[in-house]
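Please work from the sequences and hints to get the whole structure.
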Amino acid sequence: MARTVIPFGPQHPVLPEPVHLDLVVEDEKVIEARPSIGFVHRGLEKLAETKDFIEFVYVAERICGICSFIHGQTYCQAIETIMNIAVPPRAVYLRTVWGELSRLHSHLLWLGLMADGMGFENLFMHTWRVREKILAIIEATTGGRVIFGSCKVGGVRRDIDAAAITRILGELNEIEKDMRGLTKILLDDNSVKARLCGVGVLTRAQAHDLGCVGPMMRASGIAQDMRQLGYAAFNEIKVEPITRTEGDSYARCAVRCGELFQSLDIIRQAFAKIPDGPVEVKVTGNPTGETITRTEQPRGEVVYHLKATGTKFLQRFRVRTPTFANLPAMLQVLPGCDLADVPMIILTIDPCISCTER
Amino acid sequence: MSQEQIETITVDVLWEKVAARRQQGQRLVQISATRLPEHVELTYSFDLDRVLTNLRLLLPGQDTHLPSISTIYGCAILYENEIHDLFNVQVDGLTVDFKGNFMKTSVKFPFGSVKASAVVAAATPVKAAAAAPVTLAPAAPAANPAPTASA
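In order, the protein sequences belong to chains A and B. The working numbering numbers the first residue of the first sequence as 1 and each following residue consecutively. The working numbering numbers the first residue of the second sequence as 1 and each following residue consecutively.
Hints were generated in silico from the structure; no laboratory data involved. A portion of the hints provided could be inaccurate.
Dumping the calculated DSS-like pairs for lysine-lysine here, alpha-carbon to alpha-carbon at most 27 Å [stated by the list, open to error]:
{"no.": "1", "chain 1": "A", "residue 1": "K193", "chain 2": "A", "residue 2": "K177"}
{"no.": "2", "chain 1": "A", "residue 1": "K177", "chain 2": "A", "residue 2": "K133"}
{"no.": "3", "chain 1": "A", "residue 1": "K51", "chain 2": "A", "residue 2": "K312"}
{"no.": "4", "chain 1": "A", "residue 1": "K238", "chain 2": "A", "residue 2": "K133"}
{"no.": "5", "chain 1": "A", "residue 1": "K273", "chain 2": "A", "residue 2": "K177"}
{"no.": "6", "chain 1": "A", "residue 1": "K282", "chain 2": "A", "residue 2": "K51"}
{"no.": "7", "chain 1": "A", "residue 1": "K46", "chain 2": "A", "residue 2": "K133"}
{"no.": "8", "chain 1": "A", "residue 1": "K46", "chain 2": "A", "residue 2": "K273"}
{"no.": "9", "chain 1": "A", "residue 1": "K51", "chain 2": "B", "residue 2": "K104"}
{"no.": "10", "chain 1": "B", "residue 1": "K104", "chain 2": "A", "residue 2": "K46"}
{"no.": "11", "chain 1": "B", "residue 1": "K108", "chain 2": "A", "residue 2": "K46"}
{"no.": "12", "chain 1": "B", "residue 1": "K99", "chain 2": "A", "residue 2": "K51"}
{"no.": "13", "chain 1": "A", "residue 1": "K133", "chain 2": "A", "residue 2": "K273"}
{"no.": "14", "chain 1": "A", "residue 1": "K46", "chain 2": "B", "residue 2": "K99"}
{"no.": "15", "chain 1": "A", "residue 1": "K312", "chain 2": "A", "residue 2": "K152"}
Quantities reported herein were computed from a predicted structural model and do not represent experimental measurements.
Laid out in structure tokens, this is it:
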């Protein structure tokens with residue numbers, strides 16, 4: 001059988017951002033996938049050498065337009081660790097709430113894109129209609145829709161008052177009803193199952209050996225979630241990782257569906273426990289030291305490695321994003337699949353090229 | 001979260017140390033490089049049950065060669081190709097070598113040398129020989145030197 005090389009991307013209907021694969025195919029079967037990234041590499045790590053470390057949170061937030069808040073939060077946590085800054089408890093809870101709202105809108109975005117990718121247009125539009133409600137809460141509490149701008153070194157810039165909390169909790173009840181309907185279709189509909197079940201299987205051993213993170217890892221049976229480290233308010237709000245064992249595209253979808261309701265539960269717990277008090281502390285001086293900080297973004301573990309030498313500029317700002325860690329697994333599951341399944345498999349890792357091209 | 005262990009090693013034992021971690025079932029979390037005035041500092045991070053441990057080694061700043069660990073951890077190819085493209089470190093034995101075409105940067109090897117400002121900033125030099133584990137724990141800013149390989 002003659003082999004053909006089919007270029008996939010960097011512009012492709014399922015890819016909002018550029019990544020390229022040379023797909024070596026025999027008939028309809030993919031034999032090999034050769035990746036090429038770096039089309040929009042922005043050099044943000046280098047920028048830290050010339051940008052004030054306090055202002056740099058704005059840059060960190062812009063590493064990604066979807067998990068923006070948790071990038072800012074992780075950066076702030078890293079600086080606060082180096083400088084021994086005790087963040088007020090109320091700010092810690094607010095960060096937890098915004099982080100979970102961020103996860104909700106990211107997962108709903110992905111579920112909609114997946115429906116769109118398989119041609120299920122009304123499911124796509126319904127999913128994004130629900131996502132709009134989350135974005136409205138985010139806009140009402142932070143002023144932004146995807147770039148929150150609410151996290152700062154030493155705390156947060158905004159508070160959420162009691163009346164707003166009551167209103168948000170009411171809205172979350174409505175959103176939960178909507179999400180129950182959505183996930184029923186996503187998990188039970190035959191046409192969805194036909195596109196996802198048994199497609200792009202990643203075993204538990206492969207997920208571990210290839211360094212997978214996030215829903216990609218948990219869908220292959222590995223119960224690991226960086227929220228278990230206890231950062232932000234997660235030392236008081238316990239998180240049990242949502243896992244599946246099938247390791248296929250359906251399992252990855254199911255994990256994200258489960259995490260929607262987990263995030264709702266975390267937000268409710270956080271609002272029930274949030275203490276009164278200030279939301280920021282004054283930060284003086286420059287950082288000296290080093291830390292490696294990990295948090296759980298919607299797409300999985302993100303790693304921030306910061307080094308500072310006492311000036312207002314960081315010596316090193318290094319970010320290992322979840323998509324970067326999941327790329328080897330994506331390349332692992334493509335060989336052997338049908339050409340028509342390639343877009344769905346790529347979608348199910350929830351690729352964020354913006355993160356990868358930080 | 002900042003109490004992760006760093007074990008400082010030399011390049012000749014890198015393979016042995018990494019293979020031992022693979023044997024223990026540790027996950028390769030990341031490989032991070034930092035350009036220092038006279039060295040390239042590499043940090044290999046591993047996770048086992050959410051406990052992070054790190055191997056650290058120093059390479060010469062120029063004509064830098066590094067043995068690949070991609071035959072031990074396949075996913076290392078991404079980190080090692082990135083380190084080559086950004087830091088001008090020649091990685092030997094890569095199982096998949098993009099030959100400088102992995103990251104498309106407008107400036108070749110953007111971390112390939114140290115700017116004068118960074119030389120001034122890096123006030124605390126790093127010694128390569130020490131082998132005792134150190135931690136990343138920062139202390140009060142004024143009194144805390146950079147937590148590097150110094151034993």
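Here is what the structure says about each hint:
no. : hint            : in the structure
1   : K193/A / K177/A : holds, 22 Å
2   : K177/A / K133/A : holds, 12 Å
3   : K51/A / K312/A  : holds, 8 Å
4   : K238/A / K133/A : holds, 26 Å
5   : K273/A / K177/A : holds, 24 Å
6   : K282/A / K51/A  : holds, 20 Å
7   : K46/A / K133/A  : violated, 37 Å
8   : K46/A / K273/A  : violated, 40 Å
9   : K51/A / K104/B  : holds, 23 Å
10  : K104/B / K46/A  : holds, 14 Å
11  : K108/B / K46/A  : holds, 13 Å
12  : K99/B / K51/A   : violated, 31 Å
13  : K133/A / K273/A : holds, 24 Å
14  : K46/A / K99/B   : holds, 22 Å
15  : K312/A / K152/A : holds, 15 Å
Going through the hint list in order, the structure does not satisfy hints 7, 8 and 12.
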